[in-house]
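Novice: In order, the protein sequence lines correspond to chains A and B.
If you're matching positions, the first sequence starts at 1 in the working numbering and goes up one per residue.
If you're matching positions, the second sequence starts at 1001 in the working numbering and goes up one per residue.
Among the hints, erroneous ones may be present.
As the list claims (entries may be wrong) - Straight-line alpha carbon distances no greater than 25 Å define the calculated SDA-like cross-link-like pairs of lysine to any residue that follow:
1. Lys1066(B) to Thr1118(B)
2. Lys1066(B) to Glu1159(B)
3. Lys1125(B) to Asp42(A)
4. Lys1066(B) to Val80(A)
5. Lys1065(B) to Arg1128(B)
6. Lys83(A) to Ala96(A)
7. Lys1008(B) to Gln73(A)
8. Lys1066(B) to Arg85(A)
9. Lys1125(B) to Ala46(A)
10. Lys1088(B) to Ala1076(B)
11. Lys1088(B) to Arg76(A)
12. Lys83(A) to Ala59(A)
13. Lys1018(B) to Thr81(A)
14. Lys1185(B) to Arg76(A)
15. Lys1065(B) to Leu82(A)
16. Lys1065(B) to Gln73(A)
17. Lys1185(B) to Ala59(A)
18. Lys1066(B) to His79(A)
19. Lys1088(B) to Pro1167(B)
20. Lys1008(B) to Lys1065(B)
21. Lys1066(B) to Arg76(A)
22. Lys83(A) to Met1061(B)
23. Lys1088(B) to Glu1159(B)
24. Lys1065(B) to Glu74(A)
Stated by the list, open to error - A few chain A residues that don't get close to chain B, going by computed Cβ distances all over 12 Å:
25. Arg24
26. Ala200
27. Asp226
It is worth saying that the hints were derived from the structure and are not from the lab.
Glycine included, every Cβ here is placed at the ideal spot set by N, Cα and C.
If you want the building blocks of each chain, they are given just below.
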Amino acid sequence: MNCEEFGAMGLDAERDATLSEAQRAAAREHACRCSRCAALQDSWQAARVELRAFAEDTAMAEAPARVEMRLRQEFRTQHVTLKARRVAVVAAWALAAAAALVGAVGWRNWRHSQQEETTAHLNSLPATNNSPKNSSVAGANHETPAEVPNGVQQPGSTQTASSETLIADSEFSGFMFLPGAFASDTDDAAILRVRMQRGALGALGLPVNEERASEWIQVDLLIGDDGLPQAVRLPQ
Amino acid sequence: MSIADQEKDDVLLRRAAKGDEEAFVLLYRRHQAAMYRFALRMTGNTWAAEEIVQDVFMTLMRDPKKYDPTRGALGAFLYGVARNRVMKHLQRLPREIPLEEKNEDGTGSGVVLQDASTPSSWLEKQERMQQVRAAVLELPAEFREAVMLCELEEMSYEEAAQLAGCPIGTIRSRLHRGRALLMAKLEMFRDVPRRASVAR
Chain A
1 MNCEEFGAMG
11 LDAERDATLS
21 EAQRAAAREH
31 ACRCSRCAAL
41 QDSWQAARVE
51 LRAFAEDTAM
61 AEAPARVEMR
71 LRQEFRTQHV
81 TLKARRVAVV
91 AAWALAAAAA
101 LVGAVGWRNW
111 RHSQQEETTA
121 HLNSLPATNN
131 SPKNSSVAGA
141 NHETPAEVPN
151 GVQQPGSTQT
161 ASSETLIADS
171 EFSGFMFLPG
181 AFASDTDDAA
191 ILRVRMQRGA
201 LGALGLPVNE
211 ERASEWIQVD
221 LLIGDDGLPQ
231 AVRLPQ
Chain B
1001 MSIADQEKDD
1011 VLLRRAAKGD
1021 EEAFVLLYRR
1031 HQAAMYRFAL
1041 RMTGNTWAAE
1051 EIVQDVFMTL
1061 MRDPKKYDPT
1071 RGALGAFLYG
1081 VARNRVMKHL
1091 QRLPREIPLE
1101 EKNEDGTGSG
1111 VVLQDASTPS
1121 SWLEKQERMQ
1131 QVRAAVLELP
1141 AEFREAVMLC
1151 ELEEMSYEEA
1161 AQLAGCPIGT
1171 IRSRLHRGRA
1181 LLMAKLEMFR
1191 DVPRRASVAR
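Given these sequences and hints, build the entire structure.
Specialist: The following block contains the structure:
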């Protein structure tokens, strides 16, 4: 080991765990042979003693208590803020969920009430139609179950049903009594819609335009209790 | 630090991250002295050391996830943060370094030696201590760190290299140059003829 190597490694050879035993022995040997390096080692040992004294001087040094207080304060501020933020987020979500729930329940109730209203309305309609006149009219016209009197039609009913409903809707207005018929005979009469040639009206005692006698028209006949037509109506 | 201590640190840190103030304070009390000593010896300034310790623990408090237990002990992590703060502080500072810090009450910060037999010997020791302190503080930061870790904290080269984040060879080299500068400085204070070869 030369002086340069001794300066780099030998001064602290005993403490340096990375050195091998041979290197330590070489450093010791060099210090014995070289007076300059021996003096250097002595100087370092003296400096080391002073460094140790300096280390001991500051060994018990601690951060002042105010640092801990400041950190505690900061910790509280940070975690209270964090906690408050979490609470606010949870509260916001809870409010949103509650609002959504109330909305859903309200909508459901509204829908339910709407349905009930519609059902009640539909249920109330046949009740008004239970009068003898209308039932007889319906009976006379052989209405299907889909048909509803008084102009109300169930969804899915046919066009025919609709036209027959018109008969009931118009009831007895617009009828012209045939010659020899009396209003008293029409108390339980039924209306029958038929398709006939215009010329056939002549057989009922009505005047007929000969030029248009072959035209097919649709007429409503008011059929009396005896089954004979009592009055006639030409729908518009 | 033993494995049990490290585990304890990890547990305390987890508790602190969940808002347990006492756990955080326990962590602080376990590590503050080492951080403060390191900062004080490196900066030579009690106010700076105080600020650095506070910064280190603020970092831990604000972002505890920065510490990865798989990469080492919490003490080493804190030391790394403290080292960064110290280096930043030293870069900002003007070159001159105060020889003596004053306490809040205006008295010196030097330690009173209880075993001093006479006032003159106490004064002599105190003066010598200030010289050593000045010599250490006048070392370049990297050499000072190596001297501080290996000589004052009595760490092994390996530990010092790990904490400083450099190879063992670098630590040895810094230590060698730091020692040379330190001896030259101390001998100058002692008014002993310098050994030119040492300072080289």
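Novice: For every hint, state whether the structure bears it out.
Specialist: Each hint tested on the structure:
For the hint linking Lys1066(B) to Thr1118(B), the alpha-carbon distance of about 52 Å lies beyond 25 Å, and the restraint is violated. Of the supplied pair hints, the one linking Lys1066(B) and Glu1159(B) holds, its CA atoms being roughly 21 Å apart against a limit of 25 Å. Taking the CA atoms of Lys1125(B) and Asp42(A), the gap is near 20 Å; set against the 25 Å cutoff, the hint holds. Restraint check for Lys1066(B) and Val80(A): satisfied, since their Cα atoms lie roughly 21 Å apart, inside the 25 Å limit.
With a CA separation close to 45 Å, the supplied pair Lys1065(B) and Arg1128(B) exceeds the 25 Å bound. Among the hinted pairs, Lys83(A) with Ala96(A) is consistent with the structure: their alpha-carbon atoms are about 20 Å apart, no more than 25 Å. A distance of roughly 24 Å separates the Cα atoms of Lys1008(B) and Gln73(A); the hinted pair therefore holds under the 25 Å criterion. With a C-alpha separation of about 22 Å, the suggested pairing of Lys1066(B) with Arg85(A) holds against the 25 Å cut-off.
For the suggested pair Lys1125(B) and Ala46(A), the alpha carbons sit about 14 Å apart, so the restraint of at most 25 Å is met. Pair hint Lys1088(B) plus Ala1076(B) holds up; C-alpha atoms about 18 Å apart against a cutoff of 25 Å. Restraint check for Lys1088(B) and Arg76(A): the C-alpha separation of about 28 Å exceeds 25 Å, so the hint is violated. Using a Cα cut-off of 25 Å, the hinted pair Lys83(A) and Ala59(A) is violated, with the two alpha carbons roughly 39 Å apart.
Taken as a hint, the Lys1018(B) and Thr81(A) pair is honoured in the structure, with Cα atoms around 13 Å apart against an allowance of 25 Å. Taking the CA atoms of Lys1185(B) and Arg76(A), the gap is near 47 Å; set against the 25 Å cutoff, the hint is violated. Restraint check for Lys1065(B) and Leu82(A): satisfied, since their Cα atoms lie roughly 16 Å apart, inside the 25 Å limit. Of the pairs offered as hints, the one joining Lys1065(B) and Gln73(A) holds, with about 21 Å between alpha carbons and a cut-off of 25 Å not exceeded.
Note on Lys1185(B) and Ala59(A): the hinted pairing holds, with a Cα-Cα distance of about 23 Å set against a maximum of 25 Å. Between Lys1066(B) and His79(A), the direct Cα distance comes to roughly 18 Å. Compliance with the 25 Å bound is thereby established for this hinted pair. A distance of roughly 22 Å separates the Cα atoms of Lys1088(B) and Pro1167(B); the hinted pair therefore holds under the 25 Å criterion. At roughly 16 Å between alpha-carbon atoms, Lys1008(B) and Lys1065(B) fall within 25 Å of each other, so this suggested pair holds.
At most 25 Å may separate the alpha-carbon atoms for a hinted pair to count; Lys1066(B) and Arg76(A) meet this at roughly 20 Å. For the suggested pair Lys83(A) and Met1061(B), the alpha carbons sit about 15 Å apart, so the restraint of at most 25 Å is met. A distance of roughly 22 Å separates the Cα atoms of Lys1088(B) and Glu1159(B); the hinted pair therefore holds under the 25 Å criterion. For the proposed pair Lys1065(B) and Glu74(A), the alpha carbon gap of about 18 Å is at most 25 Å, so the pair holds.
Listed as a non-interface residue, Arg24(A) keeps its Cβ farther than 12 Å from every Cβ of chain B; the least gap is roughly 14 Å. Against chain B, the non-interface label of Ala200(A) holds: every CB pair exceeds 12 Å, the least being about 100 Å. Every Cβ of chain B is farther than 12 Å from the Cβ of Asp226(A); the closest lies at roughly 99 Å, confirming the non-interface assignment.
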